[in-house]
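Peer 1: Sequence:
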Amino acid sequence: MTFRPANFDPSIDPTADQVRALRDAGPDGPVVMLNLLKFREQANYPEGSPHAPCSGPEAYRRYQTAFVETVGDVSHAEVVWEGKIDRPFIGDASQDWDKCLLVRYPSRQHFLAMMANDAYREALVHRYAGLERTILLQMQG
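All residue numbers for the sequence shown refer to the numbering used here, where the first residue is -7 and numbers rise by one.
These are computed hints drawn from the structure, not numbers from a lab. Ideal placement from N, C-alpha and C gives every residue a C-beta, glycine not left out. Zero decoy hints are in this set.
Listed next, with one range per pair, are the computed distances between beta-carbon atoms:
| # | residue 1 | residue 2 | range |
| --- | --- | --- | --- |
| 1 | A111 | P6 | 15 to 21 angstroms |
| 2 | D20 | A44 | 39 to 45 angstroms |
| 3 | A44 | K91 | 17 to 23 angstroms |
| 4 | N109 | L26 | 20 to 26 angstroms |
| 5 | T57 | D9 | 27 to 33 angstroms |
| 6 | D20 | P80 | 29 to 35 angstroms |
Can you make the complete structure from the sequences, with help from the hints?
Peer 2: The following block contains the structure:
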């Protein structure tokens, strides 16, 4: 895919500067990405989308399935842990989250190769449809 989906949301995508920083100055060795996810109540697919209406969490499951099935050989990603978030314990209670994912990649190059993969980019329509907001924290793994 050479264009962004109609429901592209730049607030849940890395900026070009963030991608360059990971490419040029990221850690050597394995990388773990901590994903905090807040889902939309109803998925926000573009008008005329061939995808059946669903909830935000279901749209994100579609993305996650595509992530595993279509680019697993590229990313070699391993979901280390995932779970529902019950409630904020410390911090800003208005920044509630629905789910946490820890995903390990053998290297930052594997993560970047996944992001450049056409099949992965096709699956982003589900990520944009399902997420209200997200934070992705990069850690050495």
